[in-house]
Amino acid sequence: MDSQHLNPSSLKSRFTARFLRALIKINAQKPISSSSPREIFQRYRRIKVAADKSMAYSVRSRRTWSRATLWKLRSQSRRRLASSGRRSSIKTRTTTTTTITTTSTNHRAAIVEKTSHEKENKEDHVGLAVQAEELRELVPGGESMDLCNLLDETAHYIKCLTTQVQVMKKIANLYSLE
Amino acid sequence: MQPCSREMQAMNSLLNPTQQIPLQDLQINGNRHHHQQIHVPSSSQFQYPTPTSTTHHDDSFLEQILSSTTSFPWSDETGPPNPEDNNNAGFNYDEMVLASKLRQHQINGGAAGNPFAAMKMMLMMQQQQQQQQMMLAGRPTVASAAAGGGITTNHQGGEGSMQALYNVFGDGSLHGTMQAKSFVGANSATEMTQSQGSGPTAGEAVTAPEKPKQRVRARRGQATDPHSIAERLRRVRIAERMKALQELVPNANKTDKASMLDEIIDYVKFLQLQVKVLSMSRLGGAAAVAPLVSEGGGDCIQTSANGGSHPRNSNGDQTPSANDRLTMTEHQVAKLMEEDMGSAMQYLQEKGLCLMPISLATAISSATSRSRNPMINHENPTNGSHLLIQSSGGDGPSSPSMSVLTVQSATMGNGGLEGGAASVSKP
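Chains as they are written, first to last, in the working numbering: chain G, 2 to 179; chain L, 309 to 735.
With the rest of the complex left out, here is chain G:
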């Protein structure tokens, strides 16, 4: 297992490196001893976002779910920045992002339409539509895929999630030992 971890190009090591860097940044930003639960939750949220983002970055854009995750996170952060009042420098950025989002949503809508139409045409005999829908909700970016690709994405997503959990567990263990 250690040798696998030492492999510099594996998913695990990439994710670990990125996540640790993000953690260091977060810990540097806020002092560790923040007792207010609001801050606690904010911190939790930040860490979770950092974990997801670093995982998605490690996968780059090779997978639909990673692209969807990155897109979602970026739009969320943009919305946060916009709502926090710093509009001067963000105005231009928001316009571009809105155009991007609209195009992507249109694209997505088109894809969803097409796939739903295809679904009607080629109906799966086994009738797994309900579970497929549920899986689509779970896997990010899974709305616009037929069952075949969805299963593929799910397999990769599960693999990445297990890696993420393993690494985070190990880090938490390290933390707890202090």
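Mixed in with the good hints, there may be bad ones.
[Unchecked claim] Cross-link-like lysine-lysine pairs, in silico, BS3-like; alpha carbons within 27 Å at most: (1) 577/L <-> 171/G; (2) 577/L <-> 13/G; (3) 54/G <-> 577/L; (4) 577/L <-> 73/G; (5) 170/G <-> 13/G; (6) 577/L <-> 170/G.
Keep in mind the hints are simulated off the structure, nothing from the lab. Note that the structure is predicted; figures quoted are calculated from it, not measured.
Please build the complex by placing chain L on the supplied structure of chain G, with the hints as guidance.
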């Protein structure tokens, strides 16, 4: 000389009137060795397998003539061969019969596009030729050649099919040019029968590659419909992916696709939940807790709590006192929350409890209720700096029963709490 003329006349009867001229020349000349001066029309669409050897002069001569007769629009003829040619004994009459048969067949519209039917016709002709060969001595070659020529010229409209026919004759494994020779030379009956025998099969084999690959030869009991093929392919791919997923997901011994999908869904939910919880736990000593217990509810709590404050609880507390304890804790926490959130959190931590959004709690309970591995970290509770859910130590795959209490707190409106509600849970 006379046979020559008769041959010529026979050919004439079959040929286009327009092309009779060179043959009439031949007739006039009456010399076989003039055959080399025959102008072969450029349209040589038929690759008629001319035998290389010219052992029989008449054969080669006739074959050249036959090759020159490729572009005959048989249908353009005004009528069957002229009745005046009937003077040439029964030979022409037989030819006429065959020709009329061919015409009828063509009129029926089946001949031109159907090489198989053409094959049949040719075989019929061959059979008749055989009979004729028995009857007529010295004429069989001409007759067969003529018939062959007539038949071959008949189908100049379907060039591909004609090529198919010639392919049949040309590609025959055993025969090849032998077939052609036998067709023309009429050597032995056995060869003819062989050619006839291989004819239908070859014709059938020819039709398959002849059509531009529209169909895939299907296995028995399966349709060749492209839609069903696509469906089959899709199902195969889905099955492959399900197999791959089966290896990733634990407890994947389900054979049913639907239950397998359910397992997959649960596992994905569980993993996502794990990430959330782990990220909550890695606050790195977030809540620097000064251990303190509020006095108000401490008494009642202490009386009811025996080992409850110890984090590594066993699962045995299913007694009603535990529930009472929990409700009391709940009230206590609620009271604390109204005053100061921080103290409430500390109180909880001391008890080995944690505060979490209801969505998370329900997700955990639903996930663990299905005999899922309790995922959480076992932290040293005396540290007091971690905010997490304690799992009962050493618990394997069996699920700890969780009792989830919900505390509605108005104070926890914002602050990043999802759903605006909190729950207190104790493993």
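Evaluation of the provided hints:
no. : hint            : in the structure
1   : 577/L <-> 171/G : holds (21 Å)
2   : 577/L <-> 13/G  : holds (21 Å)
3   : 54/G <-> 577/L  : holds (18 Å)
4   : 577/L <-> 73/G  : holds (19 Å)
5   : 170/G <-> 13/G  : holds (13 Å)
6   : 577/L <-> 170/G : holds (17 Å)
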